[in-house]
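Peer 1: The chain contents come next:
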Amino acid sequence: MTIAVLVVLIAPLLAGGLSLVVHRSAWLHGINLTSIGALVTAETVLTHTVLSDGPVTTLGELVYLDALSTFILFIIGVVGLACSFYMRSYMDEQVARGVIAPGRLNLFFFLFHMFLLAMVVATVANSVGVQWVAIEATTLATTFLIAFWKRRESLEAGWKYLILCSVGISLALFGVVLLYYSSLHVLSDASQGLNVTALLPVADRLNPHVLKLAFIFILVGYGTKVGLVPMHSWLPDAYTEAPAPVVAMLAGVLEVVAAYAILRVRVIVDHAVPFAFAGELLALLGFASLVTAAFFILIQHNYKRLFAYSSIEHMGIAMIGFGIGGPLGTFGGLFHLMNHALAKSMAFFAAGNIHRRFRTVEIEHVQGLAMAQPWTATALMISGLALSALPPFAAFASEVQILTALASQGVPGMEFAGTSGMVTVAVSDQFSRVALASVFLIAAVLSFGGLLYRITGMVWGTPSEGIVRGEPWTLGHLPIILLTVALIGFSMFLPQPIKELLEQATSILVIQ
Amino acid sequence: MFDTILLLVAQTTVLLAFSPFLVGLIRKVKARLQLRRGASVLQPYADLAKLFHKQPVISTTTSWIFTATPYIVFASILTAGLLVPTFISQTPMNFAGNIIALVYLLALGTFFLMLAGLDAGSAFGGMGSSREAIVASLTEPAMMLAIFAIALTNGSTNLSTIVHKTALLEGIVTDPSPHLMALAALFIVALAETGRVPVDNPATHLELTMIHEAMVLEYSGRYLALLEWAAGLKLAVFLSLIVNVFAPWGIATAVTPTAIGIGLLVYVVKTAALAVFIGVIECMFAKLRLFRVTDLLGVAFILALLGLLFFYILRS
Amino acid sequence: MQGLSSVGSQLVDLCSALLLLTCFAIVAQRRLSACVDLFALQSSFLVVTATLVAYLTGNQHIYIAAGLTGVIKVLIIPRVLKKVIDHLNVKRELVMHVNVPTGLLICGGLVMLAFFIAQPILPLGSLLTRDSLAIALAIVLIGLFTMIARQKAVSQLVGFLVLENGLFLGATAATHGMPLIVELGVFFDVLIATLIAGIYTNRLQDAFDSVDTDRLTVLKE
Numbered sequence: 001m002t003i004a005v006l007v008v009l010i011a012p013l014l015a016g017g018l019s020l021v022v023h024r025s026a027w028l029h030g031i032n033l034t035s036i037g038a039l040v041t042a043e044t045v046l047t048h049t050v051l052s053d054g055p056v057t058t059l060g061e062l063v064y065l066d067a068l069s070t071f072i073l074f075i076i077g078v079v080g081l082a083c084s085f086y087m088r089s090y091m092d093e094q095v096a097r098g099v100i101a102p103g104r105l106n107l108f109f110f111l112f113h114m115f116l117l118a119m120v121v122a123t124v125a126n127s128v129g130v131q132w133v134a135i136e137a138t139t140l141a142t143t144f145l146i147a148f149w150k151r152r153e154s155l156e157a158g159w160k161y162l163i164l165c166s167v168g169i170s171l172a173l174f175g176v177v178l179l180y181y182s183s184l185h186v187l188s189d190a191s192q193g194l195n196v197t198a199l200l201p202v203a204d205r206l207n208p209h210v211l212k213l214a215f216i217f218i219l220v221g222y223g224t225k226v227g228l229v230p231m232h233s234w235l236p237d238a239y240t241e242a243p244a245p246v247v248a249m250l251a252g253v254l255e256v257v258a259a260y261a262i263l264r265v266r267v268i269v270d271h272a273v274p275f276a277f278a279g280e281l282l283a284l285l286g287f288a289s290l291v292t293a294a295f296f297i298l299i300q301h302n303y304k305r306l307f308a309y310s311s312i313e314h315m316g317i318a319m320i321g322f323g324i325g326g327p328l329g330t331f332g333g334l335f336h337l338m339n340h341a342l343a344k345s346m347a348f349f350a351a352g353n354i355h356r357r358f359r360t361v362e363i364e365h366v367q368g369l370a371m372a373q374p375w376t377a378t379a380l381m382i383s384g385l386a387l388s389a390l391p392p393f394a395a396f397a398s399e400v401q402i403l404t405a406l407a408s409q410g411v412p413g414m415e416f417a418g419t420s421g422m423v424t425v426a427v428s429d430q431f432s433r434v435a436l437a438s439v440f441l442i443a444a445v446l447s448f449g450g451l452l453y454r455i456t457g458m459v460w461g462t463p464s465e466g467i468v469r470g471e472p473w474t475l476g477h478l479p480i481i482l483l484t485v486a487l488i489g490f491s492m493f494l495p496q497p498i499k500e501l502l503e504q505a506t507s508i509l510v511i512q
Numbered sequence: 001m002f003d004t005i006l007l008l009v010a011q012t013t014v015l016l017a018f019s020p021f022l023v024g025l026i027r028k029v030k031a032r033l034q035l036r037r038g039a040s041v042l043q044p045y046a047d048l049a050k051l052f053h054k055q056p057v058i059s060t061t062t063s064w065i066f067t068a069t070p071y072i073v074f075a076s077i078l079t080a081g082l083l084v085p086t087f088i089s090q091t092p093m094n095f096a097g098n099i100i101a102l103v104y105l106l107a108l109g110t111f112f113l114m115l116a117g118l119d120a121g122s123a124f125g126g127m128g129s130s131r132e133a134i135v136a137s138l139t140e141p142a143m144m145l146a147i148f149a150i151a152l153t154n155g156s157t158n159l160s161t162i163v164h165k166t167a168l169l170e171g172i173v174t175d176p177s178p179h180l181m182a183l184a185a186l187f188i189v190a191l192a193e194t195g196r197v198p199v200d201n202p203a204t205h206l207e208l209t210m211i212h213e214a215m216v217l218e219y220s221g222r223y224l225a226l227l228e229w230a231a232g233l234k235l236a237v238f239l240s241l242i243v244n245v246f247a248p249w250g251i252a253t254a255v256t257p258t259a260i261g262i263g264l265l266v267y268v269v270k271t272a273a274l275a276v277f278i279g280v281i282e283c284m285f286a287k288l289r290l291f292r293v294t295d296l297l298g299v300a301f302i303l304a305l306l307g308l309l310f311f312y313i314l315r316s
Numbered sequence: 001m002q003g004l005s006s007v008g009s010q011l012v013d014l015c016s017a018l019l020l021l022t023c024f025a026i027v028a029q030r031r032l033s034a035c036v037d038l039f040a041l042q043s044s045f046l047v048v049t050a051t052l053v054a055y056l057t058g059n060q061h062i063y064i065a066a067g068l069t070g071v072i073k074v075l076i077i078p079r080v081l082k083k084v085i086d087h088l089n090v091k092r093e094l095v096m097h098v099n100v101p102t103g104l105l106i107c108g109g110l111v112m113l114a115f116f117i118a119q120p121i122l123p124l125g126s127l128l129t130r131d132s133l134a135i136a137l138a139i140v141l142i143g144l145f146t147m148i149a150r151q152k153a154v155s156q157l158v159g160f161l162v163l164e165n166g167l168f169l170g171a172t173a174a175t176h177g178m179p180l181i182v183e184l185g186v187f188f189d190v191l192i193a194t195l196i197a198g199i200y201t202n203r204l205q206d207a208f209d210s211v212d213t214d215r216l217t218v219l220k221e
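Those protein sequence lines, which keep their order, are chains Y, U and C. Residues in the first sequence are numbered consecutively from 1, following the numbering used here. Residues in the second sequence are numbered consecutively from 1, following the numbering used here. Residues in the third sequence are numbered consecutively from 1, following the numbering used here.
To be clear, the hints were calculated from the coordinates, so they are not data collected in a lab.
Footprint (simulated), chain C over chain U, 3 or more residues, beta carbon under 8 angstroms:
{"#": "1", "segment": "180-190"}
{"#": "2", "segment": "287-297"}
{"#": "3", "segment": "303-309"}
For glycine and all other residues, C-beta sits at the position ideal for the given N, C-alpha and C.
Turn these sequences into a full structure, and let the hints steer you where they fit.
Peer 2: And the structure:
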């Protein structure tokens with residue numbers, strides 16, 4: 001048990017250290033795949049243990065694993081594995097084309113492993129403080145990955161990312177300090193004051209004022225990392241400029257980890273504060289993200305930014321799910337996190353392939369993808385359909401769950417502008433639910449239309465002169481196939497362990 | 001009664017005798033920091049003596065204001081000085097006015113000085129007066145707020161009461177924040193009002209920068225001596241104010257010869273130390289451009305405002 | 001003991017107020033190197049505060065945090081920033097998004113806001129000081145404001161560091177220091193973040209010939 005935890009932590013650390021001293025490309029990829037393989041294996045063991053024996057606390061109370069964190073760990077593993085395969089072909093081509101100096105390749109891998117390590121630590125940490133340190137570390141590890149190409153645009157994106165996320169995260173630290181402040185009056189042992197295991201049993205005795213304030217700071221702070229509107233402005237820039245595997249990790253995993261950090265605190269807050277408080281705030285940011293992103297998707301002419309805004313939209317949807325709460329909304333939210341992670345990493349793999357071939361990010365300059373890159377075109381279509389939440393894909397299931405929860409329960413506390421300005425408008429509960437559901441539907445349909453319209457425009461037609469046609473099979477195509485299988489498969493048949501993980505994680509988040 | 005008169009005479013003498021020394025001390029500190037030997041700290045006394053012996057020259061275009069101003073300025077600042085505790089906490093003149101009277105006495109002097117600068121009709125005098133008007137209009141609100149903050153924390157506007165209570169650690173000095181903010185504000189105000197470096201440079205007669213020197217440019221002989229002495233007095237008044245309001249410890253709280261002796265000694269040491277500090281500051285910073293002076297005085301105003309707010313916030 | 005702790009809490013309050021005071025000086029200061037000096041000064045006040053709290057509460061590990069603050073925030077980070085400034089072609093900030101007096105007024109408002117927000121939770125403090133938490137929040141907000149109001153990458157960085165100082169003050173004065181492992185992690189993160197931002201500033205200077213973040217407009221909708 002402890003060994004599996006150690007493997008999860010040490011594999012990326014060791015791989016990062018080795019990457020610094022190794023210079024051969026093949027070796028670097030070998031180390032990468034081995035460490036990810038070890039990570040995924042250890043995760044499987046952990047999943048099994050957690051499912052059979054319940055939550056685990058180990059390494060001197062530093063590590064706490066329950067179904068929720070195991071579920072997040074699972075997403076990290078899957079997306080990380082897919083990325084590693086994709087990087088095999090992607091990075092070698094960048095080096096061959098001279099975009100990346102061979103000497104800098106090991107720096108890339110080092111930062112990649114540190115990024116992975118920080119996310120794993122953030123997921124398994126028992127202490128909310130350690131979790132904060134790890135999430136800030138993800139910012140530091142990724143900022144140079146985003147600016148890896150040293151162009152003016154990437155420097156700009158990297159700087160924006162560094163500054164905005166560091167500031168956001170600092171606000172979250174204030175929230176953590178406040179959380180600790182509240183625990184001091186209740187817990188006898190101050191060194192335990194930030195541990196989830198210590199806080200949860202006494203959560204209902206914590207001071208509600210302090211907890212409310214703490215939650216607002218933490219929501220704004222980690223919300224910046226998630227990319228929720230209005231703290232999202234770094235996200236489209238960073239996603240456009242970063243190398244494709246990095247974006248896949250950012251969009252697929254980092255957002256999920258940041259959302260997880262919010263959920264962890266939210267459970268504690270819910271014990272002491274009326275449930276509607278956190279739910280309303282989450283749903284508010286969720287709706288803001290959903291509506292804003294839908295609008296930007298409609299007017300977008302850059303395919304990487306298109307997917308970036310789609311990320312904001314989907315995180316918004318998940319947040320609405322968590323905001324509604326209850327078993328249905330929470331389950332839908334968690335399920336949606338996973339579906340989005342899989343579909344979005346695939347979309348960015350495809351985007352990376354397109355960019356390598358067409359050398360542009362403008363949608364109108366990309367045509368005839370089906371002829372030029374049939375594999376990539378297929379991947380793009382599948383991920384596009386999945387991100388539009390169309391029926392054969394799992395995202396459809398999760399969105400419908402959230403929508404059902406919204407229509408049946410409404411957002412707690414959000415009495416649809418119950419007091420609009422000075423005049424108190426008496427709106428029936430039912431009306432507010434219908435109105436919110438309509439907003440949700442309209443935004444989802446708008447982004448669905450915008451996304452598919454742009455993607456079909458890229459896939460069909462004939463490629464312009466000078467674009468090489470045909471796409472040889474590489475290792476980089478393996479994750480695309482695997483992810484496709486997962487995306488379609490999960491909607492029809494959710495494997496038993498994943499289903500159990502999701503159900504147990506939901507029951508952790510829902511307070512009776 | 002006899003005590004009171006004696007103390008009154010003593011305080012007047014101390015202020016008059018001590019103020020040129022402070023001016024000389026600052027000059028000496030600056031000189032040493034600039035690796036010059038500098039004139040003796042007693043040089044200002046010699047300057048005053050020299051000027052009193054010279055015959056004044058008065059422009060024919062001037063009115064009575066020009067000749068009356070030096071006396072008005074000197075008298076108003078000296079009166080203000082008598083309201084501020086120096087070596088004894090209960091000043092003999094404390095019945096005559098409170099902290100607000102102090103502000104207006106100082107403003108009266110400034111007002112006449114500005115008039116006199118205009119009166120001679122020279123371009124420099126007018127320039128100096130208009131600059132002084134800018135500075136004075138910005139320092140006054142800051143000074144008022146800072147003083148209110150102090151007055152509120154001590155529950156009195158009478159300087160003697162404030163200093164006396166603080167020295168005996170009576171009353172409600174529970175939280176240092178309002179005091180600290182007010183102190184910072186008042187210090188900036190003091191620099192501006194006495195024409196020290198970030199705002200004005202007392203050591204030059206450069207037309208681009210001078211403020212106080214431009215206003216008194218037309219004066220000579222005993223009139224100039226009175227104005228110089230008044231400027232020194234103003235410095236002494238501000239230093240006494242800051243020193244005794246914020247760190248009154250050591251001041252004589254009772255009328256006994258020992259207490260007064262100690263009070264006198266402590267007073268001299270404290271004000272001299274503050275003067276040295278000002279000298280160091282004058283060496284460390286360059287004079288601000290005139291339009292940047294508003295920034296500095298803005299800082300003073302905000303700090304004073306915060307001091308006031310802190311008081312209300314912390315009390316509630 | 002009662003007398004000691006009363007004087008002690010006054011001293012802690014005094015130090016917090018001094019920290020706030022340096023914030024205002026930073027907001028009003030245009031010269032980049034002077035901003036860095038003021039930050040170093042602020043950090044040394046922080047060291048004094050932390051040492052006082054450590055002495056008064058007897059929490060040994062706050063001494064470690066105080067020492068680390070001294071080394072990292074008073075010595076290392078200002079030196080790094082000075083080096084970065086040496087590399088730049090600008091030494092002072094002439095144009096700001098918000099001019100100095102307005103900025104100061106806004107900061108005054110932020111202090112009030114901080115006290116307003118912190119008001120309901122201050123009475124909880126069975127702790128050393130009543131208002132350190134509110135002052136910490138005020139410093140955080142002012143740091144945030146500095147980052148918005150300034151154009152130069154270096155002064156934005158100083159704003160970020162001021163914000164961090166506010167956080168550290170909150171953690172030390174209000175909660176008597178967080179668990180040591182968290183404190184160490186936070187220090188590590190801040191140090192690395194500053195180094196990285198310093199490297200960025202140099203690269204921005206080389207690529208854009210300026211460290212005006214207003215020039216960063218290549219990426220937009």
